[in-house]
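K.L.:
Sequence:
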Amino acid sequence: MSTRWYPRYVRGNPQLRIFLPDFWMILKKPDTLSTEQNFISMTNFDIKNYLEKIYKIPVVYVHSKVVCGQIRKAKSKLDYLVKDDDYREAVVDLPKHVEFKYPQIYDETKSSLEEGITKVDKQMTFLKNRERRKQYQNNRHNVPDWFGL
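For our numbering, add 12 to where a residue sits in the sequence shown, where the first one is 1.
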């Protein structure tokens with residue numbers, strides 16, 4: 013299930029309160045479906061424990077199922093089929109009194125976008141100037157490098 017070893021309990025040592033496996037999950041606003049794609053090896057108990065311990069979301073019930081990956085034709089001249097990886101979809105029920113709000117990860121403001129655009133413009137002008145300088149340097153054929161200024 014996990015590539016990490018859970019530390020052996022020795023009497024007198026502090027006990028670990030939570031074990032973080034190699035799995036990861038994301039909370040995403042649903043477009044049409046309210047399901048979550050997870051690893052196949054995660055069980056319902058793993059999903060419930062993960063949400064309660066990491067995100068501190070009280071969970072009433074977890075229903076999950078394994079979905080086969082889509083089989084599609086490869087994008088090449090050869091005719092062969094490619095199968096996407098299988099995944100597990102989980103639907104989680106929350107208590108009635110809990111109102112879950114998705115965390116706002118990115119604070120996209122207009123000023124930050126404008127700053128990003130100006131940085132990209134400066135980088136593009138720098139690259140154009142550098143390419144232009146390289147063209148001038150490569151025009152001296154059959155002349156050694158030490159001869160230039």
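Any given hint could turn out to be false.
Unchecked claim - BS3-like mimics (lysine-lysine), calculated; alpha carbons at most 27 Å apart, straight line:
no., residue 1, residue 2
1, Lys65, Lys77
2, Lys95, Lys108
3, Lys134, Lys146
4, Lys113, Lys131
5, Lys65, Lys95
These are computed hints drawn from the structure, not numbers from a lab.
K.L.:
Mind listing which of the numbered hints don't hold for this structure, in increasing order?
P.N.:
Violated hints (numbers, rising): 2, 4, 5; every other hint is consistent with the structure.
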